[in-house]
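Student: Respectively, the protein sequence lines represent chains A and B. The first sequence begins at 1 in the numbering used here and counts up by one. The second sequence begins at 387 in the numbering used here and counts up by one.
No lab work stands behind these hints, which were simulated from the structure alone. Think of the CB as a built atom: it goes at the ideal place given N, C-alpha and C, for glycine as much as any other residue. Take the hints with a grain of salt, since some may be wrong.
[What the hints assert, rightly or not] Beta-carbon label-pair distances, calculated as ranges:
1) B:N443 - A:F245: 29 to 39 Å
2) B:V548 - A:V110: 47 to 57 Å
3) A:W138 - B:G663: 18 to 28 Å
4) A:R41 - B:S520: 42 to 52 Å
5) B:F426 - A:L163: 51 to 61 Å
6) A:F245 - B:R634: 33 to 43 Å
[Claimed, not checked] In silico DMTMM-like links for lysine to aspartate or glutamate, alpha-carbon gap of 25 Å or less:
7) A:K236 - B:D523
8) A:K42 - B:D523
9) A:K236 - B:D677
10) A:K104 - B:D577
11) A:K236 - B:E414
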Amino acid sequence: MTAEQTIDGIFEPESEDRSKIDKKLKYYTASQWQLVWWRFRKHRVAMIGALVLITMAIMGIFANFIAPCKITTRDRSYIMGAPQMPKFWDHKGFSFRPFIHGIKTKRDPVTLRKLAVVDPETRRYIRFFVTGDKYKMWGLIPSSIHLYGLEKGILHLFGTDELGRDLFTRTLFATGTSLSIGVLGVLTAFVLALIIGGIAGYAGGMMDYLIQRITEIVRVVPVIPLYMGLAAAFPKEWSNTQVYFAMTMIFGLIGWPTLARRIRGHLLGQRGEDFVLAAELSGASAGRIITRHLLPSFTSYIIVDLIISFPYMILSETALSFIGLGLRPPSVSWGILLQDAQNIRAIEQAPWFFIPAIFVVVAVLAFTILGDGLRDAADPYSVTQG
Amino acid sequence: MLRFLVHRIFGLLVTMFFVSIMVFIIMELPPGDYADRYAFRKFSGTGVNVTQGDIDNIRHGFGLDRPAHIRYAQWMTGILTRFDFGESFAYETSVNHVIGQRLWMTLAILYTTLILTYVLSIPIAIYAAVNRHSSVDYSLTVVSYLGLALPNFLLALVMLYVSVTVFDTSVGGLFSPEYEKAPWSLVKLGDMLQHLIIPAVVLAWSATALQLQTVRATMLDELNKLSVTAARARGIPEWKVLMKYPARLAVNPVVSTIGFDVNRIFSELPIVALVLGLPELGELLIQSYLDLDMYVAGAILMMLTFFIVIMNFVSDVALAALDPRIKLSGV
């Protein structure tokens, strides 16, 4: 490097050409993934989508640590309470440490119902890395450290539900559940699609025709009613874990036809290429040709297809749990949280029940934008020099 | 053309046959059968001690002890010869009676939604394609993204909220209370159409968003064709050029995806109907799944799929009529 620099220093006009050549050389020798990454990096909106999804994944993975309490912890002094915004100042002045005002319980003079009233005279300061409820990180590491907490009581960033449970905590855990169901569902669908689409696309002929007809029949039945039919068959005595895995299986089972079609299309297109013939002549088995020669040639497209099928999985999970055929309480997912927001009364009295819906919309948007960005980046014909 | 029709009708029948097998499997999936549930419902809380023998008797009475393929054959024969979908367990009457008017309500919602989708999406998308980079064009992109991202039950809740608070109308159900039991008349029809608007808008939302994209993309492709330039060169008025060449072709992908749109609408219908309280099949489907009233559920699933298959057929025929390339190639 230093030697080149001295040469560049001497031949000033040539140095520009040289860096240009280097750049070109770098471009032409870059691997496929580097090219995809360079193109993707330029896609600002898609990058934002990716960041949003990474944030959500982190929220889900570290839910135990970020949340101030457990999903079942009830705060009886603040039932159906509005979201609490941390403040830095009030009529008493400014404070570097954020705080919220305390809560007093009053009785409504007419109905005698308990009411939570904000008491502007007391301040409850927010502290970070506090000790709170015990939990086990990912079921393994015991800990009791939480990201934030109040000196007394619980800070409800998103308010509380009808039982006084912290909605922020529940949303965090729901994010983890809903995203992981999506991931597992997409993976199951992918494996099935790979096997079925792979056979159809590579074998062709009768086999292809048969698989195509079956795919068509699965596709003609309306999706959500079909999901519901399968979900209705879950025995009532199943544990939540069993229901969870059964749900991912269902999404996988019904999600495969679209993916299988794409894989079949790619395979049919590439099957006649010379490099396949060469591999065949060298005595490679069908399985080896599919996995080692054909699949790598369109991996990027498959990844895009997988990303694009995420929103459907998430929306299906939300829809199923929303109507009570999917996951069941005490599990939390976006759909289960939205069950509380099913009627007009809820919207009028507690608009914050809709916060999980914002998560759903944002996640789906992020996946769509990310998928679009990746599709553009993975397309070898959209040549832009990095 | 005749060969084409025969081929398609045959395909339709084969598809329906396999669908019926699939639906039957779904009906058989939940643990326990009609006899268990019947015995439980009839005798629970009455103090009568039900033995396994009693349940077996009930099972024999309903013919449920026969092997699955015979029960399937009976179920299908009932549907095909007498249009009889079996017995509803939860309502203790025939499935046909339970479904009754709901079928027509479902079709009314379906067709209102479809018409709304096409009336909105085709002209707007053509306008956006012709006026590229206009404000209509950009808002179209935003709407298309939201069309997928906004779950329709959420949209239904928002519409419900707005109509109750702002317009002070009830949108629950398909009729105002005073027309609920009234005989059919023009006034009642008008009342129903008024109630149909919100479900139709909610259901048309995502379908419209997708069709907008498709039509716009096809229009953009077609606008650059030489045929358009040639027509312009001949001095044909601009709107006539648009109608005769690109717009005519841009409608083709819409026609070919009618079946998909029906599929999507039926897929979303149950949850939207649940939120809006519409007396139609989707809502009944959820209820019967929750009650494990599988004969009702099976009948509804069959009917919904049947309409999708029929609409697929209609779209194939319409496309063949519209697109000479398909008409000439026969099948």
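Student: Decide, hint by hint, whether the structure agrees.
Tutor: Hints versus structure:
1. B:N443 - A:F245: 29 to 39 Å: holds, 38 Å
2. B:V548 - A:V110: 47 to 57 Å: violated, 30 Å
3. A:W138 - B:G663: 18 to 28 Å: violated, 42 Å
4. A:R41 - B:S520: 42 to 52 Å: For R41 (chain A) and S520 (chain B) the Cβ distance comes to about 30 Å; the hint is violated.
5. B:F426 - A:L163: 51 to 61 Å: violated, 31 Å
6. A:F245 - B:R634: 33 to 43 Å: Cβ of F245 (chain A) to Cβ of R634 (chain B): about 51 Å, so the range 33 to 43 Å is violated.
7. A:K236 - B:D523: Distance of about 50 Å is beyond 25 Å: violated.
8. A:K42 - B:D523: holds, 23 Å
9. A:K236 - B:D677: With Cα atoms ~12 Å apart, K236 (chain A) and D677 (chain B) stay inside 25 Å; holds.
10. A:K104 - B:D577: Since the Cα atoms of K104 (chain A) and D577 (chain B) sit roughly 50 Å apart, the hinted pair is violated (cutoff 25 Å).
11. A:K236 - B:E414: holds, 16 Å
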